[in-house]
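Whenever a hint applies, use it, and build me the whole structure from the sequences.
Residues 1 to 387 (my numbering) make up the sequence shown, in order.
No lab work stands behind these hints: they were computed from the structure. Please read all numbers here as calculations on a predicted model, not as lab measurements. Any given hint might turn out to be false.
Said to hold, decoys possible - Simulated restraints on C-beta separations:
no.	residue 1	residue 2	range
1	A63	A192	51 to 57 Å
2	D193	L294	33 to 39 Å
3	V27	A167	47 to 53 Å
4	G52	V149	55 to 61 Å
5	S56	R286	16 to 22 Å
6	R106	V27	23 to 29 Å
7	G53	A196	29 to 35 Å
What the hints assert, rightly or not - When the alpha-carbon atoms are kept at most 20 Å apart in a straight line, the in silico SDA-like pairs for lysine to any residue are as follows:
no.	residue 1	residue 2
8	K274	P187
9	K274	R191
10	K274	V123
Glycine included, each C-beta is placed from N, C-alpha and C at the ideal position.
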Amino acid sequence: MELLYGPIRDYAWGSRAAIARLQGRCVPSPGPEAEWWLGAHPGAPAEVARDGGRVSLADLLAAEPGRWLGAGVVDRFGPRLPFLLKVLAAEAPLSLQAHPDAEQARAGYAADAGRPAGQRNYVDPYHKPELLVALSPFEALCGFRDPTVSAEALAAFGVPALEPVVAALAAGPDGLRTAVRTLLTWPAGERADLVAAVLAAGAGGPDADLARELAAGYPGDPGVLVALLLNHVRLAPGEAIWMPAGNLHAYLRGCGVEIMAASDNVLRGGLTPKRVDVDELLRVLRFEVLDDPLVVARDAGPGVVTWPVPVPDFVLHRVAVAAGVAPVRLTVTGPRVVLCATGEVTVDDGTGPVTVRSGQAAVGPAAGGPLVLTGDGEAYVATVGVG
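This is the structure we're talking about:
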């Protein structure tokens with residue numbers, strides 16, 4: 001095991017406190033800090049120390065895929081780390097977005113070949129399902145709620161222009177596609193007036209509060225109203241949400257540990273100045289009700305919990321260790337990344353121990369053995385699934 005140094009992405013919606021506080025730095029940070037990447041994704045690979053300097057983890061994997069990834073991972077996913085671990089810290093809402101499944105990603109990436117960068121929807125041929133575990137109270141919009149509930153919410157604004165959308169939603173799940181398409185293709189010159197009419201209605205309740213919050217940043221964006229069709233989820237620390245392919249979502253605020261398949265394919269639907277391809281988004285979206293986006297943690301041994309997900313690209317464990325308590329032994333498959341969230345944890349996989357403190361991370365090769373964790377703190381361990 002050895003220390004892993006991940007880059008911090010400075011997206012505008014990022015927090016100036018959460019990641020800095022986790023790492024023990026001064027708060028506020030000089031600028032927004034949105035995501036701390038701990039992986040080998042080519043967009044921002046993490047690094048390890050070598051010969052007085054640092055070298056990209058991606059380069060190490062490419063040089064020794066058998067040692068770092070293991071034959072099983074290479075056979076199944078190719079010579080690449082199939083997951084990306086992040087700390088995500090949102091101070092403002094992220095865009096409404098969805099991610100493609102594996103088949104859609106391959107086809108979309110091939111179709112985009114040769115197009116100018118600004119006209120591409122797909123930057124790689126991989127899917128991007130993701131799991132987020134809250135480190136702080138966390139709010140998110142996750143998947144479509146019962147459309148009849150959404151119909152009542154939009155009807156309560158009393159805006160005549162929304163009546164076709166309300167009627168489509170009142171028909172149940174079969175009307176979801178029509179409702180979303182109608183909102184996202186609303187005439188550009190009339191969008192600001194539509195959102196303004198909703199706000200002027202003076203309605204109360206959580207849907208109206210959410211519309212006002214989102215419209216403050218995006219006053220002419222129909223995504224403000226599409227957001228009202230989604231489940232509004234509030235997580236306590238330790239609770240988790242699962243976003244499979246095709247589910248529309250947006251993270252609103254909070255800090256969490258996020259793990260995903262190693263892809264950067266994002267199809268946006270609003271609440272963003274970035275490109276929105278409505279037709280491609282509608283092709284990828286799953287117009288089905290997501291009754292409960294929460295994933296319940298399962299005990300995986302003394303001091304260990306995990307969140308089961310239906311993909312083999314990754315698995316995430318949370319390990320709690322304490323002074324004077326027996327070490328935690330964790331059998332993992334393939335490469336492993338360990339993030340310390342609190343306290344101080346020593347990790348040994350037989351290749352050499354490393355101690356990580358809050359806001360530090362370590363990486364180990366597939367050639368290592370089971371992890372033995374000691375100390376006094378809490379760590380998240382990411383590795384490859386076996387399904």
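Results for each hint:
no. : hint                    : result
1   : A63 x A192: 51 to 57 Å  : holds, 54 Å
2   : D193 x L294: 33 to 39 Å : holds, 37 Å
3   : V27 x A167: 47 to 53 Å  : holds, 49 Å
4   : G52 x V149: 55 to 61 Å  : holds, 60 Å
5   : S56 x R286: 16 to 22 Å  : violated, 35 Å
6   : R106 x V27: 23 to 29 Å  : violated, 43 Å
7   : G53 x A196: 29 to 35 Å  : violated, 55 Å
8   : K274 x P187             : holds, 18 Å
9   : K274 x R191             : holds, 17 Å
10  : K274 x V123             : holds, 15 Å
In terms of the numbered hints stated before, the structure departs from hints 5, 6, 7, listed from lowest to highest.
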